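**Q** One letter stands for each residue in the lines below.
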Amino acid sequence: MSVSLVGAQVAEKINSKMAGVAIDFNETDVWVEPKNLPKVGKLLRDDPEIDLQMLNSISAVDYVEYFELVYHFRSLRRNSTFVLKARSYGRDDLTVPSLVGVWRGAELQEREIWDLMGIKFTDHPNLKRILLWEGFPGHPLRKDFIR
Amino acid sequence: MPIKTEPVTINLGPQHPSTHGVFRLRVTFDGEMVLDAEPVVGYLHRGTEKLAEERNYVQVVTLTDRLDYVSAMTNNLAYVRTVERLGNIDVPERAKYLRVISAELNRIASHLVATGFLLDELGAFHTPLVYCFRERERILEMFEMLCGARITVSYMRPGGVLQDAPEDFWPRLDDFVKTMPGYIDELESLITENEIVLVRTRDIGIITAEQAIAGSLTGPVLRSTGVEWDLRKAEPHEVYDRVDFDIPIGSVGDTYDRYLVRVLEMRESVRIIKQCVEQISPGPIRTEGPFVIRPPVGDAYDCTESPKGELGFYIVSDGGISPYRMHIRAPSFINLTLLRELLVGWKLADLVVIFGSIDIVLGEVDR
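For the record, the sequence lines run as chains F and D.
Its first residue numbered 0, the first sequence is counted upward by one per residue in numbering that gives the first Met the number 0.
Its first residue numbered 0, the second sequence is counted upward by one per residue in numbering that gives the first Met the number 0.
The shape of chain F in the complex, shown without the other chains (with noise of 0.2 Å):
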């Protein structure tokens, strides 16, 4: 069965290597900062006691108050799987760093955010829409967008 890490004990591994970078933590999951995303990446793909090889999947939510981005990452050669969330206040013009530098599987997924919830992903290589055309009148997995 695959085990999830455990919050506090990934928290505290960051926090040995880049003082102050988790913000909070609960059970599973671990709060950083959006400008500290790359660094925290790396370091979760290349400790060797964490070991996230893969990038499973990118979720937003729009909170009205701010964006929270969902990371859920897994590593197959230890089974376990752990949760990094990221928020981006704001409305207007949200840029998060993008992760495709660290994970490839994160290209698709961040256009796609970009696409139908509006965050702009900075070093993206290709930040197009993607599901929708060009040109379409706003991001519509908004809260507040009006069909």
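Certain hints may be false.
Said to hold, decoys possible - SDA-like cross-link-like pairs, simulated, lysine to any residue; straight-line CA separation at most 25 Å:
#, chain 1, residue 1, chain 2, residue 2
1, F, 127, D, 23
2, F, 142, D, 299
3, F, 84, D, 297
4, F, 119, D, 44
5, F, 119, D, 339
6, F, 84, D, 299
7, F, 119, D, 46
8, D, 49, F, 86
9, F, 127, D, 45
10, D, 273, D, 161
11, D, 232, F, 0
Keep in mind the hints are simulated off the structure, nothing from the lab.
Owing to the predicted nature of the structure, the values given are computational and were not obtained by experimental measurement.
Assemble the complex: chain F is given as a structure, and chain D must be docked to it using the hints.
**A** The following block gives chain D in isolation, referenced to the frame of chain F:
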């Protein structure tokens, strides 16, 4: 005098028989050689995730049927498991067995479609495809007995399944389990050692294990590279820990391995169904509860091994009657990440075969 040549960019699709739906590929060719390829998707986008925000948890089951429409049972399974995790809903034993039986039947049906169309693309026009569809038809008829629908089944519910299997379902299933291995032998005798198939698929479109893991590929595409990873073993849900089966893996990660892994998986699925039929016992098929589910505030992610790979649902609940947000981790969509690397350097005729061996369904890519 040298002949002046220049690269040509053409569109394959969205209306093209080998594109498995409405998929468009913008390809730049130098003669017959692929220089660049870019998938253009979205022609079937229906906004499933947004639609789910305005329906209650049971109604969303019908939306999941329409994701990977050749494998509706596993879509149902992944969704109801997430709702059960979110709302702490128990599932009776008999329902778990019925779920596994129907999901494995659907895996066979999906792999039959993948294999049949792959051969179609290799130029074996329609004969192998009709052989595959003949067997798939038997599975669809069994689905009709289970729930009245063949493709868009909506068979599973949070807390169990829609209804128990009718009496005359079981003899049909027994007959299927007995005859299916012989049918797979027949298919393999025609294809697996076929010289034309070998020449066209061996060492064509190779993915390495490192590439596959970094690119988040899952399912038969990942296993064909030699990575022994199957969520039915890694996260044994329902009754997968009580049945004995193997994970077929490939060695090279080429088109042929992807075909072979699917054929071997069909055999394993028959084994699983056989053991489930032996183990299943009478009992309730659904936990009684209100029709309108109100899970507590929170979020949950759960997944299952669909025929295409890891199908996951991430659902956020605000305590209301419908999901606040539902995200679908669609394996067909994410398996397209490495498409460009796979296609560049191959010829036009290989392009169609390599693309077919990834086995995507556009209902799931576009959602």
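**Q** Now, for every hint given, state plainly whether the structure supports it.
**A** Now the hints, each set against the structure:
1. 127/F <-> 23/D: Cα-Cα ~16 Å, so holds.
2. 142/F <-> 299/D: Judged against 25 Å, a Cα distance of about 20 Å means the pair holds.
3. 84/F <-> 297/D: holds (14 Å)
4. 119/F <-> 44/D: Roughly 21 Å separates the two Cα atoms, so the pair holds.
5. 119/F <-> 339/D: holds (23 Å)
6. 84/F <-> 299/D: Distance of about 13 Å is within 25 Å: holds.
7. 119/F <-> 46/D: holds (20 Å)
8. 49/D <-> 86/F: holds (21 Å)
9. 127/F <-> 45/D: Holds - the C-alpha atoms of residue 45/D and residue 127/F are around 19 Å apart, at most 25 Å.
10. 273/D <-> 161/D: holds (22 Å)
11. 232/D <-> 0/F: Status holds; Cα separation ~8 Å.
Violated hints for the displayed structure: none, as all numbered hints are satisfied.
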